[in-house]
Amino acid sequence: MNEPIDRASATDLAFLAMERGAVPEQIGAVLVLAPGTAVDLTGVRRLFAERVAAIPRLRQRLVRVPPGCGRPVWVDDPDFDVRRHVRCAPCRYPGDEQALLDTAAAVVAERLPRSRPLWTVVLLTGPAGGAVALLVVLHHALADGLGGLAVLAGLADGAAGPVAVPGYPRRRPPRGRLAVDAARETLRALTRMPVVWRELCRSMGAGGGLAPAPVVRCSLVARTGPYRRYAAVHADLATVRAAAHRYGGTVNDAVLVAVGGALRRVLAARGESVDRLAVAVPVAGRRSARPAQLGNQVGPMTVTVPLAGPWADRLRAVDAAVRQRHAAAAGGPPPIAVLGPVFRALAALGGYRWYMRHQHRLHTLVSYVRGPERPLTFAGATVTGVLPVGIGEAGNLTVSFLVVSYAGTLVVTAVADPDHVPDLPGLTAALRTELDLFTGVGTP
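Using my numbering, the letters of the sequence shown map in sequence onto residues 9 to 452.
Incorrect hints may appear among the rest.
Stated by the list, open to error - So the derived label-pair ranges between C-beta atoms look like this:
#1 58 with 199: 42 to 50 angstroms
#2 51 with 383: 43 to 51 angstroms
#3 317 with 61: 50 to 58 angstroms
#4 317 with 177: 58 to 66 angstroms
#5 276 with 76: 54 to 62 angstroms
#6 96 with 316: 47 to 55 angstroms
#7 177 with 280: 53 to 61 angstroms
#8 444 with 178: 33 to 41 angstroms
#9 316 with 165: 44 to 52 angstroms
#10 76 with 253: 53 to 61 angstroms
Don't read these hints as lab results, they were simulated from the structure.
Quantities reported herein were computed from a predicted structural model and do not represent experimental measurements.
Every residue, glycine too, gets a C-beta built ideally from N, C-alpha and C.
Construct the complete structure from the given sequences, taking the supplied hints into account.
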């Protein structure tokens with residue numbers, strides 16, 4: 009019996025098409041292990057060699073197919089060697105959290121070679137206090153945020169045991185099968201076109217429509233360079249959730265309002281005044297992901313975040329805006345999933361990069377992923393913290409925010425172009441202040 013043909017989705021390919029400049033499209037996380045963990049490179053490689061068998065995509069390459077045979081396919085890599093993917097590197101001095109993030113920024117910016125599976129793991133040695141950290145990096149074509157969490161869960165202790173893949177590495181599908189499968193996909197797409205078009209119109213509405221009003225101009229929007237710096241803020245998840253529920257909102261709503269308040273403080277320090285921000289919020293098209301089913305199912309949503317008024321009023325306004333956008337996009341596919349060929353053609357000609365450098369519909373991006381509620385363990389050591397990291401073509405968005413909840417802690421990583429946001433500690437201090445005010449820890 010023939011194995012199903014595993015094609016890259018239109019959204020997967022879009023993230024590859026975005027890589028036309030010096031900045032790759034890659035996501036990841038720093039996993040901080042408990043101090044005193046006896047983990048070395050040999051042991052980490054051995055564990056990964058065992059556990060990647062349960063996550064097929066980690067042993068597959070994305071390969072092009074002949075003309076007329078459809079989208080590229082994921083195939084088993086016959087030369088897979090875990091030693092090419094897992095390496096060791098020292099953490100920068102002095103080994104604190106900021107040093108971990110600075111080390112991660114340099115690694116995440118290294119483009120993953122497309123000639124092998126699109127991931128890497130770096131064992132970071134030398135963090136302060138005797139801790140050890142693992143930096144896991146995935147190409148965005150391989151997984152979205154939920155998929156990335158599924159990978160982490162699949163690699164942790166206690167995950168489902170390795171699943172034997174019969175005949176691994178399996179041979180590539182022959183050209184004839186690819187052509188027949190492509191023709192069937194095209195026919196299915198044509199028969200669904202009227203329904204997909206209606207769904208697309210709804211999902212476009214969640215992203216602000218085809219021609220939204222331009223945003224208020226400010227220094228948050230300026231052409232970015234290839235370098236990024238990270239800084240993280242931590243908050244107690246239960247405290248934030250309780251405060252958000254008190255006003256009828258969610259943790260995600262609270263993060264959006266806190267980010268808005270922090271950026272208002274930054275702009276005020278620059279002598280600028282803005283009364284609202286347009287924030288891009290990636291929305292998952294599924295509630296969860298499994299290690300065996302990765303890929304990208306995410307679409308855009310644009311939320312207007314007010315900057316003036318009491319916290320409670322701003323939270324209620326954001327909650328109403330988010331609900332409205334969700335309702336508008338209900339059931340609709342991400343625009344890229346339908347317009348994939350057009351998008352990729354434009355990206356190949358530099359159109360996507362040009363648009364992102366000149367767009368005036370967004371001020372920033374906030375991506376939130378809900379992680380496991382209980383601590384993970386790796387090689388018998390507790391993962392005491394998770395720091396989300398990532399990089400991508402930011403265009404003229406000088407700062408964005410990656411958010412994850414993990415084992416009772418909410419972590420917000422600010423991702424900034426250092427040329428435009430030189431005072432990153434000032435931004436994170438403002439974000440800390442906003443979260444404290446919201447939860448009642450701080451005072452105005």
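Does the Cβ pair residue 316, residue 165 satisfy 44 to 52 angstroms? holds (48 angstroms)
For residue 444 and residue 178, compare the CB-CB distance with the range 33 to 41 angstroms and indicate the outcome. violated (54 angstroms)
Using the beta carbons of residue 276 and residue 76, state whether their distance is inside 54 to 62 angstroms or not. holds (58 angstroms)
Note whether the CB distance of residue 58 and residue 199 lies within 42 to 50 angstroms or breaks it. Since the Cβ atoms of residue 58 and residue 199 sit about 44 angstroms apart, the hinted range of 42 to 50 angstroms holds.
Indicate whether the distance between the beta carbons of residue 76 and residue 253 respects the range 53 to 61 angstroms. holds (54 angstroms)
Given the range 58 to 66 angstroms, decide if the beta-carbon distance of residue 317 to residue 177 lies inside it. holds (59 angstroms)
Taking the beta carbons of residue 96 and residue 316, is their distance inside 47 to 55 angstroms? Cβ of residue 96 to Cβ of residue 316: about 50 angstroms, so the range 47 to 55 angstroms holds.
If you check the beta carbons of residue 317 and residue 61, does the distance land in 50 to 58 angstroms? Holds, since residue 317 and residue 61 (Cβ atoms, about 54 angstroms apart) stay within the stated range.
Given the hint of 53 to 61 angstroms, check if residue 177 and residue 280 actually sit that far apart at their C-beta atoms. With Cβ atoms ~56 angstroms apart, the hint holds.
Mind checking the hinted window 43 to 51 angstroms against the Cβ distance between residue 51 and residue 383? Violated, since residue 51 and residue 383 (Cβ atoms, about 20 angstroms apart) do not stay within the stated range.
This entry does not satisfy hints 2 and 8, going by the numbered hints stated previously.
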